[in-house]
Amino acid sequence: MLAGKMNPSRPKTDWTPRIVSDYRALVQCLRDRKDDLGISLLELDERSGLQVGYSGKLLGAGMVRTLGPLSMGLMLGALGLELMVVERGSAVVNPARDRALALHREGLSARAISKALRVNRSTVQLWLRGGRHWRKDTK
Numbered sequence: 001m002l003a004g005k006m007n008p009s010r011p012k013t014d015w016t017p018r019i020v021s022d023y024r025a026l027v028q029c030l031r032d033r034k035d036d037l038g039i040s041l042l043e044l045d046e047r048s049g050l051q052v053g054y055s056g057k058l059l060g061a062g063m064v065r066t067l068g069p070l071s072m073g074l075m076l077g078a079l080g081l082e083l084m085v086v087e088r089g090s091a092v093v094n095p096a097r098d099r100a101l102a103l104h105r106e107g108l109s110a111r112a113i114s115k116a117l118r119v120n121r122s123t124v125q126l127w128l129r130g131g132r133h134w135r136k137d138t139k
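Each step along the sequence shown adds one to the number in UniProt numbering, with nothing skipped, and position 18 is 18.
These are calculated hints, taken from the structure and not from any lab test. Just to be clear, a hint being listed does not mean it is correct.
[What the hints assert, rightly or not] What follows is a list of derived Cβ distance ranges for each label pair:
| # | residue 1 | residue 2 | range |
| --- | --- | --- | --- |
| 1 | Ala61 | Asp36 | 14 to 20 Å |
| 2 | Arg129 | Leu42 | 26 to 32 Å |
| 3 | Glu43 | Arg18 | 21 to 27 Å |
| 4 | Thr16 | Ala61 | 33 to 39 Å |
| 5 | Ala102 | Met63 | 19 to 25 Å |
| 6 | Gly38 | Thr66 | 23 to 29 Å |
| 7 | Leu128 | Val64 | 18 to 24 Å |
| 8 | Glu43 | Pro17 | 19 to 25 Å |
| 9 | Gln125 | Gly62 | 26 to 32 Å |
| 10 | Gly53 | Met84 | 25 to 31 Å |
| 11 | Arg129 | Gly62 | 19 to 25 Å |
| 12 | Ser122 | Gly68 | 40 to 46 Å |
Don't be surprised by glycine CBs; every beta carbon is placed ideally from N, CA and C.
Required output: the full structure, derived from the provided sequences and hints.
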């Protein structure tokens, strides 16, 4: 398998875009994606082309190593992710809200949307009414 490429036989997951504003949040996002795909750290090493055990150093609780120019690209590719940099406070503030509105237009109820996006139902109801909801990761 090519380093940094996702396995084409693996189905895409229902991934919700996230806003990441610091290194720890980026690492947590990568951990969550790995868990979402159901792969081990050793399998992530194999997919990315990194040396055996290196993903554990990058994503482990102690974060013994940090992502560098090479390891970041390989890790993102192996997890099927891309980064997008936007100005703080721009239109791309809450991707989960945008996804909730799209699901609502498709006819899903607030309960079904909250379950699909793993978000509190009252938050979804607020979004559907057009209100704003303060989120810790948008500040």
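Verification of the supplied hints:
no., hint, result
1, Ala61 / Asp36: 14 to 20 Å, "holds (19 Å)"
2, Arg129 / Leu42: 26 to 32 Å, "violated (46 Å)"
3, Glu43 / Arg18: 21 to 27 Å, "holds (22 Å)"
4, Thr16 / Ala61: 33 to 39 Å, "violated (24 Å)"
5, Ala102 / Met63: 19 to 25 Å, "violated (35 Å)"
6, Gly38 / Thr66: 23 to 29 Å, "holds (25 Å)"
7, Leu128 / Val64: 18 to 24 Å, "violated (44 Å)"
8, Glu43 / Pro17: 19 to 25 Å, "holds (24 Å)"
9, Gln125 / Gly62: 26 to 32 Å, "violated (40 Å)"
10, Gly53 / Met84: 25 to 31 Å, "holds (30 Å)"
11, Arg129 / Gly62: 19 to 25 Å, "violated (43 Å)"
12, Ser122 / Gly68: 40 to 46 Å, "holds (41 Å)"
In this structure, the hints that do not hold are numbers 2, 4, 5, 7, 9 and 11, in rising order.
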